[in-house]
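Trainee: These are the residues of each chain, in order.
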Amino acid sequence: MSDGIGRKVDVKPDKTVIKALALGGLLGGGGECAVDVKNGKVVRIRPFHYDWKYDCESFRPWKITRNGKDYKPLFKSVPSPFSLAYKKRTFSPNRIKYPLKRVDWDPNGERNPQNRGKSKYRRISWEEASDILATEVKRVHKEYGPLAILVQGDGHGECKTINTPHGHSGRLFDMMGGFTQQVRNPDSWEGWYWGSKHVWGQGIQGMYNPADNIVKDMTENCDMVLFWGGDPETTPWGFTGQCATRLCYFWTEVGIKQVYICPDLNYGAAVHADKWIPILPNTDAALQLAIIYIWVTEGTYNKEYVATHAVGMDKVEDYVLGKDDGIPKTPAWASKKCGVPEWTIKALAREWAKKIVSIAHYFGGSYVRGPFSHEPGRLECILLGMQGLGGPGVHQSQITYTGMPRAEGLRSTRFFNPELSERITKPVATTIRAWGKQLIPKTWIQQAIDEPPLTFYGSGAIETPTEDQFIKYTYPLPKEEGGTEIHMIWTDTPCRITCWNHGNWTIDAFRNPKIETVVAQHPWLENDCLIADVILPSNTTLEVEDIVTNVRQGVNFHSMAIMEQAVQPVGESKSDYEVVLEIAKKLDYGNQFSENKTTRDLQKQVFDDMEIDNLISWEDFLDKKYFVFPTATDWENDSPGFRKFYDDPEKHPLPTPTGKLEFYSARLAEHFPDDKERPPIPKWIEKSETHDERLSSERAKMFPMLLMSNHGRWRTHAQGDDITWTREAPTCKVTGVDGYKYEPVWINPKDAEKRGIRDGDIVKVFNERGVVLCGARVWERIMPGVAYVDHGARHDPLVPGWVDRGGAINTIAPYGVSSRNAVGQATSGYLVDVQKVSEKDYQEWRAMDPKAFDNAYRREYDPAAGLRFNAWVEGGM
Amino acid sequence: MKVFVIDVGRCNGCYSCQIACKDEHVGNDWTPYAKPQPDTGQFWLRQTEHIRGTVPKVKMHYIPMPCMHCDEAPCMPACPIEGVIYRRDDGLIIIDPEKCTGCKACVDACPYDAIFMNEDLNIAQKCTGCAHLLDSGEWTIPRCADACPTEAIQFGEEKDFKAQITKAEVLKPELRCKPRVYYLNIPKKFIAGTVYDPVEKEVIIGATCNLSGDSKKLTATTDGFGDFWFEGLEEGVYSLSIQAKGFATRKFDNLNTEKDINLGDIPLEK
Chain A
1206 MSDGIGRKVD
1216 VKPDKTVIKA
1226 LALGGLLGGG
1236 GECAVDVKNG
1246 KVVRIRPFHY
1256 DWKYDCESFR
1266 PWKITRNGKD
1276 YKPLFKSVPS
1286 PFSLAYKKRT
1296 FSPNRIKYPL
1306 KRVDWDPNGE
1316 RNPQNRGKSK
1326 YRRISWEEAS
1336 DILATEVKRV
1346 HKEYGPLAIL
1356 VQGDGHGECK
1366 TINTPHGHSG
1376 RLFDMMGGFT
1386 QQVRNPDSWE
1396 GWYWGSKHVW
1406 GQGIQGMYNP
1416 ADNIVKDMTE
1426 NCDMVLFWGG
1436 DPETTPWGFT
1446 GQCATRLCYF
1456 WTEVGIKQVY
1466 ICPDLNYGAA
1476 VHADKWIPIL
1486 PNTDAALQLA
1496 IIYIWVTEGT
1506 YNKEYVATHA
1516 VGMDKVEDYV
1526 LGKDDGIPKT
1536 PAWASKKCGV
1546 PEWTIKALAR
1556 EWAKKIVSIA
1566 HYFGGSYVRG
1576 PFSHEPGRLE
1586 CILLGMQGLG
1596 GPGVHQSQIT
1606 YTGMPRAEGL
1616 RSTRFFNPEL
1626 SERITKPVAT
1636 TIRAWGKQLI
1646 PKTWIQQAID
1656 EPPLTFYGSG
1666 AIETPTEDQF
1676 IKYTYPLPKE
1686 EGGTEIHMIW
1696 TDTPCRITCW
1706 NHGNWTIDAF
1716 RNPKIETVVA
1726 QHPWLENDCL
1736 IADVILPSNT
1746 TLEVEDIVTN
1756 VRQGVNFHSM
1766 AIMEQAVQPV
1776 GESKSDYEVV
1786 LEIAKKLDYG
1796 NQFSENKTTR
1806 DLQKQVFDDM
1816 EIDNLISWED
1826 FLDKKYFVFP
1836 TATDWENDSP
1846 GFRKFYDDPE
1856 KHPLPTPTGK
1866 LEFYSARLAE
1876 HFPDDKERPP
1886 IPKWIEKSET
1896 HDERLSSERA
1906 KMFPMLLMSN
1916 HGRWRTHAQG
1926 DDITWTREAP
1936 TCKVTGVDGY
1946 KYEPVWINPK
1956 DAEKRGIRDG
1966 DIVKVFNERG
1976 VVLCGARVWE
1986 RIMPGVAYVD
1996 HGARHDPLVP
2006 GWVDRGGAIN
2016 TIAPYGVSSR
2026 NAVGQATSGY
2036 LVDVQKVSEK
2046 DYQEWRAMDP
2056 KAFDNAYRRE
2066 YDPAAGLRFN
2076 AWVEGGM
Chain B
466 MKVFVIDVGR
476 CNGCYSCQIA
486 CKDEHVGNDW
496 TPYAKPQPDT
506 GQFWLRQTEH
516 IRGTVPKVKM
526 HYIPMPCMHC
536 DEAPCMPACP
546 IEGVIYRRDD
556 GLIIIDPEKC
566 TGCKACVDAC
576 PYDAIFMNED
586 LNIAQKCTGC
596 AHLLDSGEWT
606 IPRCADACPT
616 EAIQFGEEKD
626 FKAQITKAEV
636 LKPELRCKPR
646 VYYLNIPKKF
656 IAGTVYDPVE
666 KEVIIGATCN
676 LSGDSKKLTA
686 TTDGFGDFWF
696 EGLEEGVYSL
706 SIQAKGFATR
716 KFDNLNTEKD
726 INLGDIPLEK
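So the sequence lines, in the order shown, correspond to chains A and B.
All residue numbers in the first sequence are consecutive under our numbering, ending with 2082.
All residue numbers in the second sequence are consecutive under our numbering, ending with 735.
Derived from the structure by calculation, the hints contain no laboratory data.
There's no promise every hint is true.
[Stated by the list, open to error] Simulated DEER-style distance windows between Cβ atoms: (1) A:Glu-2065 - B:Asp-494: 27 to 37 Å; (2) A:Glu-1875 - B:Gly-729: 45 to 55 Å; (3) B:Gly-729 - A:Lys-1220: 17 to 27 Å; (4) B:Arg-552 - A:Thr-1804: 48 to 58 Å; (5) B:Asp-504 - A:Tyr-2062: 20 to 30 Å; (6) B:Pro-663 - A:Thr-1505: 18 to 28 Å; (7) A:Val-1459 - B:Ile-630: 51 to 61 Å; (8) B:Asp-679 - A:Lys-1220: 55 to 65 Å; (9) A:Lys-1343 - B:Asp-494: 33 to 43 Å.
[Said to hold, decoys possible] Sample of chain B residues at the chain A side, in silico, Cβ under 10 Å: (10) Gly-474; (11) Cys-482; (12) Lys-487; (13) Asp-488; (14) Val-491; (15) Glu-514; (16) Ala-570; (17) Val-572; (18) Ala-574; (19) Pro-614; (20) Ile-651; (21) Phe-655; (22) Ile-670; (23) Thr-673; (24) Glu-699.
Because the structure is a prediction, the values reported are computed rather than measured.
All C-beta atoms, glycine included, are put in the ideal place defined by N, C-alpha and C.
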């Protein structure tokens, strides 16, 4: 067929390369896409079709059946929209094109630390940048010792393997005598890590594990699935894509009821919920206790299972019935705290007791990221235990992240690929393990700078056993062990200000004169880059030659692929690995750092590490550029979840001291006898030494709303806030009267009316920790009393450390961590108010710092993409 | 003849369709099919959001809207120049980007707001059904359908979709444009509520709810949460009575489903 005039257009690309464009980083892949390139330009990015060079039948597609209907994988990937829009990231107007130095930072003179976050930058050459940094490293090593350098292998990032966005600096400094490591906390799943692990002992992330094959078991057996906090239509996007959506639709098709318990009609609830139970942020523990109360008083839990599979039910009963504190945790008691009507609490408890019920999450959303998040985390394990956890259809599901059919030849499906050799994993280990000589939890970076010394229990590293939480750490280490305070910071893909706790204090702490040098490497000029002294331009997945192992679950088929270079690097940018190599060369560590290996050598090493030569040869792999793992022939026989423990707890004990579900933790009692925030059995904590964020607080008179925050729909944490195409969605940004695109705050029409706020108004969300400007989204997708802002918007300081215009809500999150002995972050479920911004407000803010305020309004800005590179660089492009 | 069949009941609102369309057309010149789309502001496939009800009975759906490629396309007669807007043999309608003079007549004529004015190029632009890809022989569906994770957007030969089309509807049928985009499962209105006993503070399960109006009588029974749902209602005025053993009957009149109705938590007195 022709266009009617008889002419066609050549749409055929010069080449098609495979790229994993999800944004979880950490060697697990995801978001597989085909990238069509023509004349050196990215023409299109589309879902990857697994059958491009293979016959579908060779994948042995699995099938799960219920009520005569089949759930099967698609033969294409289902990436998120921001993966499909990824050329907008690579060619963002916010890309860093060459090395930069802060204009008023002089390593041989005045360093002006007080101006971090205020001053602009100037272009320097790679030669100058590497000279300065090599000299600085040597000076700091000589003056203070190697541990004076802090390596922040930061939050999240692209799915590169050889050129992983994290921790290459850690690998270099390790060769030079060590470094201080920022230990990244389990920011998306604090409640499971600091809480659930103490009930079921599981050592890695803290969620239900083993969780093998539970998708089949749940699909075949569940009557009802509770989506508690987490959103299957949001958080999976960043990690692997959209497989969860098809599973939810299938469950609806076969009659599995889906109940959403969350303050917001989240994106999953919007299209999948049979029932939405709105609950006030971070009050889930009250609801959970009331459910236990009903089950105990009505005798509707699995007593036999609890007697043989759990310890401490008597103590839980005493607490719930009020024998401890005189307060029975009745539905009436809970209703006042959590905002769910008493009758609905009872109905939920009874429906649950009567039916076969699993709980589904994708990490847990705001529910496990607030103050004392270990309490709801542990209570959930008790609730599941009381209904026979591990039995048919009774599981905790990290939906599609775990429990999918097993693939042949794949030894691990973790988010991090532990099968790869140390040469490849070591940089990434800086993000997931505590392997630096001296450690600081990421949640306490500002305390470490401003208020040392620190002691803490548990490094907080994502991949540590439960026992680590009983180890006492100190910062700094004793002098004789090389301990020193930090004086130089090296960060990569940074987003602490907008994604971690109390971001305003981060900005403040980085201005401490004891921090002499801050280095950031990142593709985009944003967030923590703006408090750095030297900025090194790294580049994006599309620009590098690499390899990816798509081993994480939540893909239709696991695969691995050579990720060929799609386009030439932007400006003078280099891959994250090459950035550090430049500095290593200047320090005479070039050969040791590179091991003289080429990219092809390292691709081959990754292939060899996967041990799949019985399935495909290196030559064949290199020729086809990808390999799809077939489904294991015997996957259906895999025992689902805790089934072995369910069947025989003596023979298949849990990794807890008693081998049982520890409703009561003797270990917590022994190690932390005075801990009122995380006592041996989980409790409702109204207020504590760490947090005072409840509606009952005196503070609530000034800040009467509860702020909830989840992972964003339109970005992965901080990644992707400048994509012009996603920013057109009404839930991504709100265009204010001044033309600026603000981060949305959802509020209910009832709250809006009281405050005279209309949809689209510029409003301030604030408490005594600062002010964040947002655009009001007034609608019924949020319950009254709650303000909802996702974390991760690009920070745009009006008054640095006090007023943010970009919508970086975590700048005003609590100062405290999860609780005294749990250094997790508390970034949801805290007190704020929301009001319209007035002229008086602007005047007051300007008076606080006229120069910074005026500069903010002069910065180059484009509503389509947001802040631009030129906004912070003298002379611009 | 090509058709789109879009199942609103399987649309999760991810916007991959809208964004894949931009990926294909922004910055890419597919003349003679289409010239580049501006980076922002045009939606050759426009995703739309619809929120219904009030807390906690809130439902949502999305309706993705490409050009409807109407059989009786109002844009075609509106165009003053013969042949600028033409229908291909496969039914897709194209605005010739080289002949369009930017008079905007088609933009104003389209009742679906599917045509956009590109001021820089001075031409009108819209969805081509990715005809440039279909003609290449490498593609059988447009980008929006390929990017859809739930297969809610389907595209193909009309004869292959006969069964779905019988159950489907089109948007604004009263205009008789005969769109070639068919929709399945667009929700109608609902009336819902939760029934409870204010003394015992318990939901009432199994209460009989009788709804009349729209010359129909419907019955629902409250579920384990005390909830009743009447979905798929036409716009109209309804009356509802709720009966449960041991409780006084509760009646609601003049329930106007111009908007979806959440009656909230409804206490029944003894």
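Trainee: None of the hints should be skipped; say for each whether it holds.
Mentor: These are the hints, each one checked on the structure:
1. Range check, A:Glu-2065 to B:Asp-494: about 28 Å between beta-carbon atoms, so the 27 to 37 Å window is met.
2. Remark: the range hint 45 to 55 Å for A:Glu-1875 to B:Gly-729 is upheld by a beta-carbon distance near 50 Å.
3. The hinted range of 17 to 27 Å is not satisfied by B:Gly-729 and A:Lys-1220, whose Cβ atoms lie roughly 59 Å apart.
4. Distance hint check for B:Arg-552 and A:Thr-1804: the Cβ-Cβ separation is about 51 Å, which falls inside the suggested range of 48 to 58 Å.
5. At about 24 Å, the CB distance of B:Asp-504 to A:Tyr-2062 agrees with the hint of 20 to 30 Å.
6. For B:Pro-663 and A:Thr-1505, the Cβ-Cβ distance of about 24 Å falls inside the hinted range of 18 to 28 Å, so the restraint holds.
7. For A:Val-1459 and B:Ile-630, the Cβ-Cβ distance of about 26 Å falls outside the hinted range of 51 to 61 Å, so the restraint is violated.
8. A C-beta distance of roughly 59 Å is found between B:Asp-679 and A:Lys-1220, which places it inside the suggested range of 55 to 65 Å.
9. Separation of A:Lys-1343 from B:Asp-494 is about 53 Å and departs from the stated range, judged on CB atoms against 33 to 43 Å.
10. Interface hint at B:Gly-474: satisfied, since its Cβ lies 8 Å from the closest Cβ of chain A, which is below the 10 Å cut-off.
11. Below 10 Å, beta-carbon pairs count as interface contacts, and B:Cys-482 has one with chain A at about 9 Å; its hint therefore holds.
12. Given the 10 Å rule on beta carbons, the hint for B:Lys-487 holds: about 5 Å separates it from the nearest Cβ of chain A.
13. The restraint placing B:Asp-488 at the interface with chain A holds, with a minimum CB-CB distance near 5 Å, inside the 10 Å limit.
14. A hinted interface residue such as B:Val-491 counts as satisfied when its beta carbon comes closer than 10 Å to some beta carbon of chain A; here the least separation is about 8 Å, so the hint holds.
15. For the restraint placing B:Glu-514 at the interface with chain A, the shortest Cβ-Cβ distance is roughly 6 Å, inside the 10 Å limit, so the hint holds.
16. Nearest Cβ of chain A to the Cβ of B:Ala-570: about 20 Å, over the 10 Å cut. The hint is violated.
17. For B:Val-572, the suggested interface contact is broken, since its CB lies about 19 Å from the closest CB of chain A, more than 10 Å.
18. Checking B:Ala-574 against chain A: minimum C-beta separation of about 20 Å lies over 10 Å; hint violated.
19. A hinted interface residue such as B:Pro-614 counts as satisfied when its beta carbon comes closer than 10 Å to some beta carbon of chain A; here the least separation is about 4 Å, so the hint holds.
20. Below 10 Å, beta-carbon pairs count as interface contacts, and B:Ile-651 has none with chain A, the closest being about 14 Å; its hint is therefore violated.
21. At a threshold of 10 Å, the smallest CB-CB gap from B:Phe-655 to chain A is about 13 Å, leaving the interface hint violated.
22. The closest approach between the C-beta of B:Ile-670 and any C-beta of chain A is roughly 8 Å, which is under the 10 Å cut-off, so the hint is satisfied.
23. Below 10 Å, beta-carbon pairs count as interface contacts, and B:Thr-673 has none with chain A, the closest being about 18 Å; its hint is therefore violated.
24. For B:Glu-699, the suggested interface contact is broken, since its CB lies about 22 Å from the closest CB of chain A, more than 10 Å.
Hint violations for this structure: numbers 3, 7, 9, 16, 17, 18, 20, 21, 23 and 24, all remaining hints satisfied.
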